[in-house]
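Colleague: Full structure from sequences and hints, please.
Line by line, the protein sequences are chains A and B.
In this text, residue positions in the first sequence follow the numbering used here: the first is 268, and each later residue adds one.
In this text, residue positions in the second sequence follow the numbering used here: the first is 31, and each later residue adds one.
Worth flagging that the hints you see were computed from the coordinates, not collected in a lab.
Check the hints yourself; a few may be wrong.
Cβ-Cβ distance ranges computed for the label pairs, FRET-style [claimed, not checked]:
#: 1; chain 1: A; residue 1: G464; chain 2: B; residue 2: R63; range: 36 to 46 Å
#: 2; chain 1: B; residue 1: V114; chain 2: A; residue 2: A542; range: 36 to 46 Å
#: 3; chain 1: A; residue 1: E465; chain 2: B; residue 2: E183; range: 46 to 56 Å
#: 4; chain 1: A; residue 1: I351; chain 2: B; residue 2: H196; range: 45 to 55 Å
#: 5; chain 1: A; residue 1: T538; chain 2: B; residue 2: G122; range: 48 to 58 Å
#: 6; chain 1: B; residue 1: V208; chain 2: A; residue 2: A275; range: 51 to 61 Å
#: 7; chain 1: B; residue 1: K214; chain 2: A; residue 2: A279; range: 17 to 27 Å
#: 8; chain 1: A; residue 1: R447; chain 2: B; residue 2: R139; range: 56 to 66 Å
Beyond 10 Å from chain B on every Cβ pair, some chain A residues (computed) [unchecked claim]:
#: 9; residue: H285
#: 10; residue: G345
#: 11; residue: I351
#: 12; residue: D393
#: 13; residue: G414
#: 14; residue: L417
#: 15; residue: T436
#: 16; residue: E441
#: 17; residue: T446
#: 18; residue: L466
#: 19; residue: G496
#: 20; residue: T519
#: 21; residue: R547
#: 22; residue: S559
#: 23; residue: D581
Here a beta-carbon is modelled for each residue, glycine too, at the ideal position from N, C-alpha and C.
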Amino acid sequence: MNEHTAEARLAARLAELHDAALVSGEPQIRAYRESWRRRWHLAQRARRAAANGPIDSLASRDWRLLFARRWLVVALAGAILVLIVVVYVAGGSARRVPIATEPLHARQPQVPTPAASSSRPAALRDPCQVSNRGDGSHPEIDDFEDGNPLIEAAEGRFGVWSMFKDSDTPGNFEALTPTRLPNATRRNRYALHVSGGELLDWGASIQFDLRPSCYDAGAYSGLSFRAKGPGRVYVGVRQISVVPVEYGGTCTKDCYNVHQKKVDLSARWETYTVAFSDMRQRGYGTPQLDASRINGVGFLVQPADTPYDFWIDDVKFVPR
Amino acid sequence: MRQLSSCLTHDDIEPLPSLRQMGEDDLSTRLGRMQTEAWETLYLDHRRLVRGVLASYLGYVADLEDVTQEVFERALDLVASGKVRPSGDASGMRAWLVAIALRLARAERRRRAKHRSDRRAAEFEPAAVTSGLDPESWQVLRRAQALLAKLPERLRVPWVLRHLEHMTLEEVAASTGVSLATVKRHLTQANTRFARLARCDAVLREHLTEGGGS
Numbered sequence: 268m269n270e271h272t273a274e275a276r277l278a279a280r281l282a283e284l285h286d287a288a289l290v291s292g293e294p295q296i297r298a299y300r301e302s303w304r305r306r307w308h309l310a311q312r313a314r315r316a317a318a319n320g321p322i323d324s325l326a327s328r329d330w331r332l333l334f335a336r337r338w339l340v341v342a343l344a345g346a347i348l349v350l351i352v353v354v355y356v357a358g359g360s361a362r363r364v365p366i367a368t369e370p371l372h373a374r375q376p377q378v379p380t381p382a383a384s385s386s387r388p389a390a391l392r393d394p395c396q397v398s399n400r401g402d403g404s405h406p407e408i409d410d411f412e413d414g415n416p417l418i419e420a421a422e423g424r425f426g427v428w429s430m431f432k433d434s435d436t437p438g439n440f441e442a443l444t445p446t447r448l449p450n451a452t453r454r455n456r457y458a459l460h461v462s463g464g465e466l467l468d469w470g471a472s473i474q475f476d477l478r479p480s481c482y483d484a485g486a487y488s489g490l491s492f493r494a495k496g497p498g499r500v501y502v503g504v505r506q507i508s509v510v511p512v513e514y515g516g517t518c519t520k521d522c523y524n525v526h527q528k529k530v531d532l533s534a535r536w537e538t539y540t541v542a543f544s545d546m547r548q549r550g551y552g553t554p555q556l557d558a559s560r561i562n563g564v565g566f567l568v569q570p571a572d573t574p575y576d577f578w579i580d581d582v583k584f585v586p587r
Numbered sequence: 031m032r033q034l035s036s037c038l039t040h041d042d043i044e045p046l047p048s049l050r051q052m053g054e055d056d057l058s059t060r061l062g063r064m065q066t067e068a069w070e071t072l073y074l075d076h077r078r079l080v081r082g083v084l085a086s087y088l089g090y091v092a093d094l095e096d097v098t099q100e101v102f103e104r105a106l107d108l109v110a111s112g113k114v115r116p117s118g119d120a121s122g123m124r125a126w127l128v129a130i131a132l133r134l135a136r137a138e139r140r141r142r143a144k145h146r147s148d149r150r151a152a153e154f155e156p157a158a159v160t161s162g163l164d165p166e167s168w169q170v171l172r173r174a175q176a177l178l179a180k181l182p183e184r185l186r187v188p189w190v191l192r193h194l195e196h197m198t199l200e201e202v203a204a205s206t207g208v209s210l211a212t213v214k215r216h217l218t219q220a221n222t223r224f225a226r227l228a229r230c231d232a233v234l235r236e237h238l239t240e241g242g243g244s
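Modeller: Structure follows, in structure tokens:
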């Protein structure tokens with residue numbers, strides 16, 4: 268028997284099986300990753316690259332060809348819709364005053380009375396008449412893997428991550444988009460990365476406002492997140508009673524005195540858990556956080572802790 | 031040369047007629063201009079080839095499509111940054127994509143080896159694609175992969191490209207970055223060594239005999 272013929276026969280048989288394996292695995296691979304996501308991603312990359320390179324611009328193309336691709340039209344429409352939502356929410360957030368807009372030393376009185384920070388005139392309409400209630404089924408707030416600044420829309424929660432600091436023009440800040448991790452894995456590619464220089468007034472805030480403005484997180488007992496420093500942040504939860512009346516809250520005096528807890532971050536990725544019961548307002552004898560009337564969540568950086576550089580990932584509520 | 035138009039049936043994208051008829055030079059020009067449709071055509075025509083190369087390197091795993099996507103993204107990045115001008119002929123295009131696929135496959139294999147030594151290895155290990163083929167065929171394929179893994183890379187890669195992906199010698203040479211003469215020498219060595227290993231393997235031996243395993 269000719270040895271070469273035998274080897275060629277084996278190679279041909281293997282090539283045939285190789286082909287069959289690739290074709291037969293197709294449905295399973297499709298289930299693993301739906302093809303539209305891949306195609307959209309590729310198209311998106313091409314468009315992004317085209318913006319920086321030699322371009323045969325969209326305007327010069329044949330629009331009939333463009334609209335012949337239904338998936339492209341649907342994807343574009345979706346992107347525009349998301350953009351409108353982001354702009355609308357970010358604009359709304361800009362009109363609202365953030366968690367800590369006032370310098371801490373300027374607060375009066377120095378020692379607030381128990382009722383001062385959560386005073387709510389009886390005549391005012393309760394903003395929590397319309398609130399979404401978390402049932403504890405989806406504790407994850409955001410793992411940032413979607414790469415966008417929106418928190419996960421679940422259990423009636425909706426919000427946009429944003430960052431602003433005392434050196435920014437008041438009311439002018441941008442949505443905070445997650446950053447790709449330097450050592451990204453397939454399961455964990457993105458996280459929030461914030462860094463900056465020295466701040467002198469009230470510091471910086473990384474936060475999201477919940478929409479509608481009052482959220483019932485009574486099914487949860489605290490917040491958990493992964494972070495890498497080194498540095499120090501204050502994990503804050505703002506309840507509606509510290510938001511001024513003019514911004515949809517019920518507070519009339521010593522507003523924005525949010526409940527917060529200091530967390531020292533290590534230089535390695537670690538998971539931190541902060542119970543709502545451990546969060547305190549400034550001063551003493553202040554009321555405990557009412558988790559059923561939450562308006563926003565944030566990470567605050569005090570001027571004393573600047574310059575700062577840290578990562579945040581996997582923010583979630585802690586079920587009771 | 032095997033033309034990859036058959037791949038189109040695996041995907042539900044129906045390229046527009048004008049793009050189907052796109053010539054090689056035209057495709058190259060359009061790629062250079064970063065036209066989305068051109069990249070899509072490139073992807074559809076070469077997806078099977080890239081997946082085949084990656085499968086022979088990484089195994090028939092469920093996340094093969096992810097790595098395949100990365101190959102095209104890398105290609106796109108290279109062209110967008112101006113480091114590479116797409117080749118005008120189909121052969122050069124295939125060789126270029128395979129060269130990128132080989133580089134990525136090596137990096138991916140290193141990454142997996144690193145994670146395998148990690149305690150959480152199971153979490154990152156992609157599931158094998160096991161559906162479709164009958165158990166006997168799977169056995170043959172897996173045994174062949176195991177034997178190929180015993181060959182050094184300089185011999186294994188040309189063998190795979192030549193016999194499993196039916197690339198021409200010139201394409202193999204361009205993909206692996208060696209001369210044509212070296213490719214021929216490596217292929218001869220790989221043939222000899224693989225046949226020797228196959229003869230010692232109970233499953234593959236019968237495929238070396240007349241009419242066996244068919």
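Colleague: Given a hinted range of 45 to 55 Å, is it respected by the beta-carbon distance of A:I351 and B:H196?
Modeller: Given range 45 to 55 Å: holds, Cβ gap about 50 Å.
Colleague: Evaluate the condition: distance from the CB of A:T446 to the nearest CB of chain B exceeds 10 Å.
Modeller: 18 Å, holds
Colleague: Check the following: the C-beta atoms of A:T538 and B:G122 are separated by a distance inside 48 to 58 Å.
Modeller: 50 Å, holds
Colleague: Is the Cβ of A:L466 farther than 10 Å from every Cβ of chain B?
Modeller: At about 37 Å from chain B, A:L466 clears the 10 Å cut-off, so the statement holds.
Colleague: For the range 56 to 66 Å, tell me whether the beta carbons of A:R447 and B:R139 fit it or not.
Modeller: 22 Å, violated
Colleague: Determine whether the Cβ-Cβ distance between A:E465 and B:E183 falls within the hinted range of 46 to 56 Å.
Modeller: For B:E183 against A:E465, whose Cβ atoms are near 52 Å apart, the range 46 to 56 Å holds.
Colleague: Measuring Cβ to Cβ, find out whether A:G414 lies farther than 10 Å from everything in chain B.
Modeller: 15 Å, holds
Colleague: Determine whether the non-interface label on A:H285 survives the test: each CB of chain B must be over 10 Å from its CB.
Modeller: 5 Å, violated
Colleague: Run the C-beta distances from A:G345 to all of chain B and say if the shortest one exceeds 10 Å.
Modeller: 16 Å, holds
Colleague: Do the beta carbons of B:K214 and A:A279 sit within 17 to 27 Å of each other?
Modeller: With a Cβ separation near 20 Å, B:K214 and A:A279 satisfy 17 to 27 Å, so the hint holds.
Colleague: A cut-off of 10 Å on Cβ-Cβ distance, and A:D393 was said to be off the interface with chain B. Does that hold?
Modeller: 46 Å, holds
Colleague: Taking the beta carbons of B:V208 and A:A275, is their distance inside 51 to 61 Å?
Modeller: 23 Å, violated
Comparing the model with each numbered hint stated earlier shows that hints 2, 6, 8 and 9 do not hold.
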